[in-house]
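Generate coordinates for the entire structure from the input sequences, incorporating the hints supplied.
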Amino acid sequence: MTRRRQIYEGKAKILYEGPEPGTIIQYFKDDATAFNAEKKGTINGKGVINNRISEYVFTRLSHIGIPTHFIRRLNMREQLVRQVEIVPIEVIVRNVAAGSICKRLGLEEGEPLPHTLIEYCYKDDALGDPLVAEEHIACFNWASQDEMQDISSMAIRVNDFLCGMFAAINIRLVDFKLEFGRMYEGDFSRVILADEISPDGCRLWDMETNEKLDKDRFRRDLGGEEEAYQEVARRLGILGNEDNSPGEVFDLNAHRGKLRGAPPKK
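Start counting the sequence shown at 1; every next residue gets the next number (full-length UniProt numbering).
Incorrect hints may appear among the rest.
No more than 20 Å apart at the CA atoms, straight line, and that leaves these computed lysine to aspartate or glutamate pairs for DMTMM-like [unchecked claim]:
#1 K11 / D124
#2 K29 / D216
#3 K39 / D129
#4 K177 / E17
#5 K29 / E227
#6 K40 / D30
#7 K103 / E85
#8 K11 / E85
#9 K177 / E119
#10 K40 / D150
#11 K29 / E17
#12 K39 / D221
#13 K11 / D150
#14 K11 / D125
#15 K11 / E226
#16 K103 / E78
#17 K177 / D150
#18 K123 / E85
#19 K177 / E208
#20 K29 / E226
#21 K40 / E9
#22 K123 / E134
#23 K39 / E226
#24 K103 / D216
#25 K40 / E17
#26 K40 / E119
#27 K11 / E78
These are calculated hints, taken from the structure and not from any lab test. Model, not experiment: these values are computed from the prediction.
Written as structure tokens, this is what we have:
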């Protein structure tokens, strides 16, 4: 058996060298962290569910023209992705006040924001991923102006789609984080969606009860983390579904009325 070369290990995933040049194998762990890894633990089966949910979401996003690093799922915990140079910016998209913005601005948790808000954090664990402005990004050349235009445009479009997708299964998308990477084609590069989209990086609340169906259950010692992740997968229709079909893509226009602050799409 050939031993794979490990490239990187993060809080929730391990990256291995892929079978072909320009590819990476992304392995999803059960490890859970919070508060910049000050709190650590394990959510049994989290890696399996996150792999399936992220596959499902990225596949559906590709159907509406969002370029992503996802190629295909390999097994229960691994997926094959395109190798990219990660842009050192974490993009946070907020629809409802929750988490750090409540502390910073004195907002009440659950308060709908006047419109969708995009925030940027500099990806540096040692610094605690500090909040930065677009002026910082330009000053330190973390991303070009064109790249930031593409990133913000894709973030709004992803939010538009995901809000509708989750609303259809009675889940409110409160906020979520995105990461982007540069994919090189000869002398040129373009930014594409990377990392993962799962309950690890999204706040997902039941629309009727406001029950938390995400990693906040771990952060706040609420318990029931495994059941919450499973419930999201169950509502999406992928729990126990072993085929690779993502199903039909939701019609964005059908859910437009449920979104706040998203610009119209042509």
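Are there hints from earlier that the structure breaks, and if so, what are their numbers? Hints 4, 7, 10, 13, 16, 19, 25, 26 contradicted; others consistent.
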